[in-house]
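So the protein lines, in turn, are chains D and C.
Under the numbering used here, the first residue of the first sequence is numbered 1, with each subsequent residue one higher.
Under the numbering used here, the first residue of the second sequence is numbered 173, with each subsequent residue one higher.
Please keep in mind that the hints were generated in silico from the structure rather than gathered at the bench.
Be a bit skeptical, because a hint or two may be false.
[Claimed, not checked] Heads up, simulated EDC-like pairs for lysine to aspartate or glutamate below, C-alpha to C-alpha not over 20 Å straight-line:
#1 C:K345 with D:E160
#2 C:K345 with D:D41
#3 D:K66 with C:D358
#4 C:K345 with D:D36
#5 D:K128 with C:E243
#6 D:K128 with C:D358
#7 C:K345 with D:D95
[What the hints assert, rightly or not] Partial list, derived from the structure: chain C residues whose beta carbon lies under 7 Å from chain D:
#8 N335
#9 G354
#10 P437
#11 T454
#12 R472
#13 P475
#14 K477
#15 V481
[Unchecked claim] What the simulated footprint calls covered on chain D by chain C, stretch by stretch (three residues with Cβ under 8 Å from a Cβ of chain C suffice, anywhere in the stretch; the number is not a length):
#16 11 to 17
#17 37 to 50
#18 62 to 68
#19 135 to 142
Think of the CB as a built atom: it goes at the ideal place given N, C-alpha and C, for glycine as much as any other residue.
So you can see what is in the structure, the chains are spelled out below.
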Amino acid sequence: MSGAAIVDQNRRDFLFLATGAVGAVGVGAVVWPLIDQMNPDASTLALAAIEVDITAIQEGQIVTVKWRGKPVFIRHRTAKEIDEAVNTPISELRDPQTDAERVKKAPWLVVVGICTHLGCVPLGHEGKYDGWLCPCHGSVYDTSGRIRQGPAPLNLEVPEYAFLSDTKVRIG
Amino acid sequence: MSGSSTYVPKSAVGRWFESRLPIMGLVHSSFIVYPVPRNLNYMWTFGAILSFMLVAQIVTGVVLAMHYTPESTLAFSSVEHIMRDVNYGWLFRYLHSNGASMFFVAVYMHIFRGLYYGSYKAPREVLWILGVIIYLLMIATAFMGYVLPWGQMSFWGATVITNLFSAIPLVGKSVSIWLWGGYAIDNATLNRFFSLHYLLPFMIAGVVGLHVWALHVVGQNNPDGVEVKNVERDTVIFTPYATLKDAFGLAVFLIVYAWFVFYIPNYLGDADNYNNANPLVTPAHIVPEWYLLPFYAILRAIPNKLMGVICLFGAIALLAFLPWLDTSPVKSAKYRPVFRVFFWVFVAVCLGLGWLGSQEVSDSTTLAARLLAFCYFAFFLIVLPLLGLFEKTKPLPASIADAVLAKGAPAAQPAE
Ligand code: HEM
Ligand code: FES
Numbered sequence: 001m002s003g004a005a006i007v008d009q010n011r012r013d014f015l016f017l018a019t020g021a022v023g024a025v026g027v028g029a030v031v032w033p034l035i036d037q038m039n040p041d042a043s044t045l046a047l048a049a050i051e052v053d054i055t056a057i058q059e060g061q062i063v064t065v066k067w068r069g070k071p072v073f074i075r076h077r078t079a080k081e082i083d084e085a086v087n088t089p090i091s092e093l094r095d096p097q098t099d100a101e102r103v104k105k106a107p108w109l110v111v112v113g114i115c116t117h118l119g120c121v122p123l124g125h126e127g128k129y130d131g132w133l134c135p136c137h138g139s140v141y142d143t144s145g146r147i148r149q150g151p152a153p154l155n156l157e158v159p160e161y162a163f164l165s166d167t168k169v170r171i172g
Numbered sequence: 173m174s175g176s177s178t179y180v181p182k183s184a185v186g187r188w189f190e191s192r193l194p195i196m197g198l199v200h201s202s203f204i205v206y207p208v209p210r211n212l213n214y215m216w217t218f219g220a221i222l223s224f225m226l227v228a229q230i231v232t233g234v235v236l237a238m239h240y241t242p243e244s245t246l247a248f249s250s251v252e253h254i255m256r257d258v259n260y261g262w263l264f265r266y267l268h269s270n271g272a273s274m275f276f277v278a279v280y281m282h283i284f285r286g287l288y289y290g291s292y293k294a295p296r297e298v299l300w301i302l303g304v305i306i307y308l309l310m311i312a313t314a315f316m317g318y319v320l321p322w323g324q325m326s327f328w329g330a331t332v333i334t335n336l337f338s339a340i341p342l343v344g345k346s347v348s349i350w351l352w353g354g355y356a357i358d359n360a361t362l363n364r365f366f367s368l369h370y371l372l373p374f375m376i377a378g379v380v381g382l383h384v385w386a387l388h389v390v391g392q393n394n395p396d397g398v399e400v401k402n403v404e405r406d407t408v409i410f411t412p413y414a415t416l417k418d419a420f421g422l423a424v425f426l427i428v429y430a431w432f433v434f435y436i437p438n439y440l441g442d443a444d445n446y447n448n449a450n451p452l453v454t455p456a457h458i459v460p461e462w463y464l465l466p467f468y469a470i471l472r473a474i475p476n477k478l479m480g481v482i483c484l485f486g487a488i489a490l491l492a493f494l495p496w497l498d499t500s501p502v503k504s505a506k507y508r509p510v511f512r513v514f515f516w517v518f519v520a521v522c523l524g525l526g527w528l529g530s531q532e533v534s535d536s537t538t539l540a541a542r543l544l545a546f547c548y549f550a551f552f553l554i555v556l557p558l559l560g561l562f563e564k565t566k567p568l569p570a571s572i573a574d575a576v577l578a579k580g581a582p583a584a585q586p587a588e
């Protein structure tokens, strides 16, 4: 091979690597925006918190509010319901959590009203444990929103929330 | 596809054009003089019927898109607007919704035809897998289309199906949120589903092109499952023989289609979908469209979320591995007496799962669904691999022509 050909060869190698490197960066720079544009947008994120007045919720009543497009249950539990939740042995639970870990202030239980199986809205005061029953595939939750029977793997999610006062809750 | 060299257009203009773009030659060699096995039965007309239905869905769909509004507060009423105000809007909507069902009727006939006559075996593996890809794209398209009217069943069906992805370990939740473009199904979801529902049929059209190309490379299978040996004796030319048979099959199919559209247009639909979507209330009984019920039954039969989702997708994915799961060298069930029994049992299992998927969950339906789901998987993973090793098959005819002539002779076996 003549010297000129070798020089040429090196030049082509260099151009190949340089083009390849720029190409890889370019592809990455385009692919990520293409994927990320599908994530929740700024206006969706801006709606992320709500405040709820809970004075009107009677003992035994469950109120459903809409937060981030999905239902949140605010349940004013009766003494009996609280007892049942507190006295359940942890060993019986699929997703072990004590009632205390799931509640901020008695008698209120605040959970996201979405079945952890495939996302249906469970029906309150139904099912074997007086908690919730999911109409879709039969998951049963107790009065602490913990999964007890059926295909759902996890307890009803406890959203981020805080009591702003005795009568006001901020969710999100 | 055989070369276009033999085709010479009659007119001078035709010859001028052909020497610049030989498209008429391609059509001529693929659909006029293309040799088809002379023993094909009516199960072979569903390919043409499917091609017609794809075009029909695209045409009616484009019309609907001219009047539909993909926005969560307006979508439901825009569909009612199509039904009541738009000239012939009701016709196009019923053609499109029942068309999807008819499309699936045809694809199931087509797939079970392939199963019965062993059309997935060498050399048709790639052709078969392209078919499975078409089927997957059809499912995705139909699912997203069903979300567009934004009724209760649209909303909650979409919720259940998109939540399937949340079963993926670690990233599942983020994947669901990414699919939704929010924290639940909402306007963002509706918008992207509309965009994709418009796109996917054109991707299907592309894959159908590959599917037909592969078909024309390896040639069609046939009810006797022996390959063409002598083109003169074993085949007839596509036009007029296959063309006319396909046209007749299509006409009969269209009469059934029209009967649904004009007499029972909502028979296959769900009344709940005439209620506007409500994210706070789940209907008492959620069911997918009929063509997905068997898979839904499998999902519900499994008590564990991740396993349920794996089995659901596995049930479809297994189809792609069929060419290697079936170990028998004999293609057609006509010559496989034991396979033939299992085939019909398998059909019954699929129908049984479909029925169970439409029922409310109870202990007995769950038990039955588990049993049938086991049978479904056993057919692919146990029966097909073993049958090839143990089954005693009947002797194959020497050629397609021999099979046809034997059938004509008085002492021959009863017709299939
Ligand atoms: C939109 C959907 C589809 C269209 C338009 C389509 C179209 C066709 C056409 C025109 C033929 C030739 C005529 C015939 O033999 O019937 C064919 C053959 C075939 N298709 Fe499809 N097809 C579709 C879906 C599928 C699916 C889902 C599968 C399987 C999973 C499949 C498997 C096959 C096989 C194996 C053949 C060769 C059959 C034989 O010659 O025995 N197709 N297809
Ligand atoms: S979505 Fe609740 S049990 Fe399946």
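Verify the interface restraint on T454 of chain C: the C-beta must sit less than 7 Å from at least one C-beta of chain D. This hint holds: T454 of chain C lies near chain D, its Cβ roughly 4 Å from the closest one there, short of 7 Å.
Do three or more residues of the region 62 to 68 of chain D come closer than 8 Å to chain C, measuring C-beta to C-beta? With 3 residues closer than 8 Å to chain C, the region 62 to 68 of chain D meets the three-residue bar; holds.
Is the hinted pair K345 of chain C and D95 of chain D satisfied, with a Cα-Cα distance of at most 20 Å? holds, 17 Å
Restraint: K477 of chain C near chain D, CB-CB cut 7 Å. Satisfied or not? holds, 5 Å
Between K345 of chain C and D41 of chain D, does the CA-CA distance stay at or below 20 Å? Given pair K345 of chain C, D41 of chain D holds - Cα atoms ~17 Å apart, limit 20 Å.
With a cut-off of 20 Å on the C-alpha distance, tell me whether K128 of chain D and E243 of chain C pass. It is violated: about 40 Å lies between the C-alpha atoms, which goes past 20 Å.
Is the straight-line distance between the alpha-carbon of K66 of chain D and that of D358 of chain C 20 Å or less? holds, 13 Å
Assess, step by step, whether the Cα of K345 of chain C is no farther than 20 Å from the Cα of D36 of chain D, and give holds or violated. holds, 15 Å
Are there three or more residues in the region 37 to 50 of chain D whose C-beta lies within less than 8 Å of some C-beta in chain C? Held - the region 37 to 50 of chain D has 5 residues with a Cβ nearer than 8 Å to chain C, which meets the minimum of three.
Interface hint compliance - G354 of chain C to chain D, C-beta minimum distance less than 7 Å: holds, 5 Å
Holds or violated: K345 of chain C with E160 of chain D, Cα cutoff 20 Å? holds, 16 Å
Once the shortest beta carbon distance from N335 of chain C to chain D is found, is it less than 7 Å? holds, 4 Å
Hints 5, 6, 10, 15 and 16 from the list above are not met by this structure, while the remaining hints are.
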